[in-house]
Amino acid sequence: MTRELAVEAHGVTKNYGQLRAVDNLSLQVAAGEVYGVLGPNGAGKTTFLRMLFGLIRPDAGTIRILGRTWAEVGVRVLDGVAGFVESPRFYPYLTGRQNLEGLSLLDGGHPRGRIGEVLEIVDLADRAGDRVGGYSFGMRQRLGVAASLIRDPRLLVLDEPANGLDPAGIRDMRALVKRLADSGLTVLLSSHHMDEVEEICDNVTILRQGTVAFHGTIRDLRGMAPDPGYQLATSDDRRAAELAQAPVTVKADPEGGLAVSGPRADVVTYVQTVVGAGLELLEFVPTETPLEALFFMLTGATRGPEQVSAS
Amino acid sequence: MTAVRWELRKLRAQWRARAVLLAALLGPIPIAFILHGQSRPPKDSLFGRFATENGFALSLLILGFAAQWALPLLTAIVAGDIFASEDQHGTWKTVLTRSTSRSGLFWAKVLVACSFAVLVVAVLAASTTTAALLVVGHQPLIGLSGQTIDPHSALRLVAASWATTLPPVLGFTCLAVLLSVWSRNPAVGIAAPVVLGLVMQLVGALGGLDPARQGLLTTPFDAWHGLLASPHFTGPLTQGLVVCAVWGVVTLAAAYVLLRRRDITGG
Chain A
17 MTRELAVEAH GVTKNYGQLR AVDNLSLQVA AGEVYGVLGP NGAGKTTFLR
67 MLFGLIRPDA GTIRILGRTW AEVGVRVLDG VAGFVESPRF YPYLTGRQNL
117 EGLSLLDGGH PRGRIGEVLE IVDLADRAGD RVGGYSFGMR QRLGVAASLI
167 RDPRLLVLDE PANGLDPAGI RDMRALVKRL ADSGLTVLLS SHHMDEVEEI
217 CDNVTILRQG TVAFHGTIRD LRGMAPDPGY QLATSDDRRA AELAQAPVTV
267 KADPEGGLAV SGPRADVVTY VQTVVGAGLE LLEFVPTETP LEALFFMLTG
317 ATRGPEQVSA S
Chain B
279 MTAVRWELRK LRAQWRARAV LLAALLGPIP IAFILHGQSR PPKDSLFGRF
329 ATENGFALSL LILGFAAQWA LPLLTAIVAG DIFASEDQHG TWKTVLTRST
379 SRSGLFWAKV LVACSFAVLV VAVLAASTTT AALLVVGHQP LIGLSGQTID
429 PHSALRLVAA SWATTLPPVL GFTCLAVLLS VWSRNPAVGI AAPVVLGLVM
479 QLVGALGGLD PARQGLLTTP FDAWHGLLAS PHFTGPLTQG LVVCAVWGVV
529 TLAAAYVLLR RRDITGG
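Chain order of the listed sequences is A and B.
Just so we're aligned, residue 17 is where the first sequence starts under this note's numbering, counting upward by one.
Just so we're aligned, residue 279 is where the second sequence starts under this note's numbering, counting upward by one.
What the hints contain is simulated information worked out from the structure, not anything from laboratory work.
Model, not experiment: these values are computed from the prediction.
Check the hints yourself; a few may be wrong.
[Claimed, not checked] Just a few of them, taken from the derived set where beta-carbon distance is under 10 Å, the chain B residues facing chain A:
| no. | residue |
| --- | --- |
| 1 | Q292 |
| 2 | S363 |
| 3 | G368 |
| 4 | S381 |
| 5 | L383 |
| 6 | R491 |
| 7 | Q492 |
| 8 | G493 |
| 9 | R540 |
| 10 | I542 |
[Said to hold, decoys possible] Some chain B residues flagged as far from chain A (calculated, every beta-carbon gap over 12 Å):
| no. | residue |
| --- | --- |
| 11 | M279 |
| 12 | V282 |
| 13 | A291 |
| 14 | L299 |
| 15 | L300 |
| 16 | I312 |
| 17 | V373 |
| 18 | L374 |
| 19 | G382 |
| 20 | V413 |
| 21 | P418 |
| 22 | D428 |
| 23 | Q479 |
| 24 | G504 |
| 25 | A507 |
| 26 | L515 |
All C-beta atoms in this analysis are idealised placements derived from N, C-alpha and C, irrespective of residue type, glycine included.
Using the sequences and the hints, build the whole thing.
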């Protein structure tokens, strides 16, 4: 029995002048799964999603959505599809409810009461009468999810839904996406936060400069992950480094202290040895999870403040 | 039609559109009072000589003045903004990920912009003529050939004269649509048609450029003169209709192609 595919991209390529934003990208999203497209900024995630929505045309390749293509059925290809690309945008001079009513009109109308239901789901019912111009970033993100849900989609496409949100907003957005995923919806999620994808997704494609750097399940990804890293500072770092034994590796950190990596149990043993040798332990903190380390390895991305804050 | 309803709903919610209609409705009233109170009528302008003593002449004087820049501006305020505002708010990606095609949205916006232009001209014409007749009076009108036109016929001719501005106003609407799509900037979409209109008038005023003058979008604004002559002549009206139709088709076709081929990358 062949599995039903919600999205099937084959050889998709997009150039902006000399820049190849997406290069021969192929991926398959099965119906009912939660699929992550991961990559640093500029990797081509948003360009791919824009092509999926027909906002831009691929230079080569095809994207089949719920079995149809743009070339075959035009805008009807988006029947059963909803979502947003980058941060959702609305008309600031209209209220949240008026925005949803208008978008509902463009969909050809929805059952009475549906707008109220989705506003409840995203926890915006109390502010639905306020103009969107006065909404916070997080409220606009949630209104974006509401605008998607009124279409009662089978495929929900979310482009970095937690981007720009404060920690509480990130937590709420992830909980919302999880709830939606649990309801059986196919979710295609792009992100540059490894932990977000790890927490929610079944399968993942990691992009690097428009090309696929990894494609597989989260379990496969975990299997490839390197040892976790730690930051260690002691009263005598030189002596502490001398105490290290394989498989634990210790290097001087340019920013001070020692960068320690290795299997978790061996690192714990090593730290016990350091303490047992009479050195004072000043700092011992994890710097990146194994999947984060793998993400940086695969994408060539550098560790930035956003990754630090999200982890 | 749902896209048209959506565009109308947005237009109703915009203060700018309401301000334009309000200006068209109330603006002529103080102008009528001010012109009526002039000790020396503006004799150099068409119908200016009689404007302080004849309401029909005052309405036609304001028509001639409005055609210079006010009508292009009033229509451009909506038409020049209707596409570019989607760029300004970053909402193309919001509306183009629904179940309405680019073509559907394009024609809905064009229809709403053109309908608004017709409404503005109708409101301005009705308000101007009513104010002029109430403030100055409805004496018989002296036509361009010196003929006397009774008040009933004069009212009909004044209404027809205002109606003849519809083709060039719609032409400017289409031009503003093109500039709105092309520039993606509401300020350009609104201001550029007015500036281009003034440039066209300047070119039209230059001698020795008659063939070019016939093709300008501002020339049909003068086509009503033939209605006030005796006997009437309608050649400029017909020619103006053709010119405006060509401007409309060419600008809308260009705007349509631009929007259809465009990659929506911003916002």
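Each hint tested on the structure:
no.: 1; hint: Q292; verdict: 6 Å, holds
no.: 2; hint: S363; verdict: 9 Å, holds
no.: 3; hint: G368; verdict: 4 Å, holds
no.: 4; hint: S381; verdict: 9 Å, holds
no.: 5; hint: L383; verdict: 8 Å, holds
no.: 6; hint: R491; verdict: 42 Å, violated
no.: 7; hint: Q492; verdict: 41 Å, violated
no.: 8; hint: G493; verdict: 36 Å, violated
no.: 9; hint: R540; verdict: 9 Å, holds
no.: 10; hint: I542; verdict: 4 Å, holds
no.: 11; hint: M279; verdict: 9 Å, violated
no.: 12; hint: V282; verdict: 9 Å, violated
no.: 13; hint: A291; verdict: 6 Å, violated
no.: 14; hint: L299; verdict: 17 Å, holds
no.: 15; hint: L300; verdict: 17 Å, holds
no.: 16; hint: I312; verdict: 34 Å, holds
no.: 17; hint: V373; verdict: 6 Å, violated
no.: 18; hint: L374; verdict: 6 Å, violated
no.: 19; hint: G382; verdict: 8 Å, violated
no.: 20; hint: V413; verdict: 36 Å, holds
no.: 21; hint: P418; verdict: 49 Å, holds
no.: 22; hint: D428; verdict: 49 Å, holds
no.: 23; hint: Q479; verdict: 34 Å, holds
no.: 24; hint: G504; verdict: 44 Å, holds
no.: 25; hint: A507; verdict: 48 Å, holds
no.: 26; hint: L515; verdict: 39 Å, holds
Checked against the numbered hints given earlier, the structure breaks hints 6, 7, 8, 11, 12, 13, 17, 18 and 19 and satisfies all the rest.
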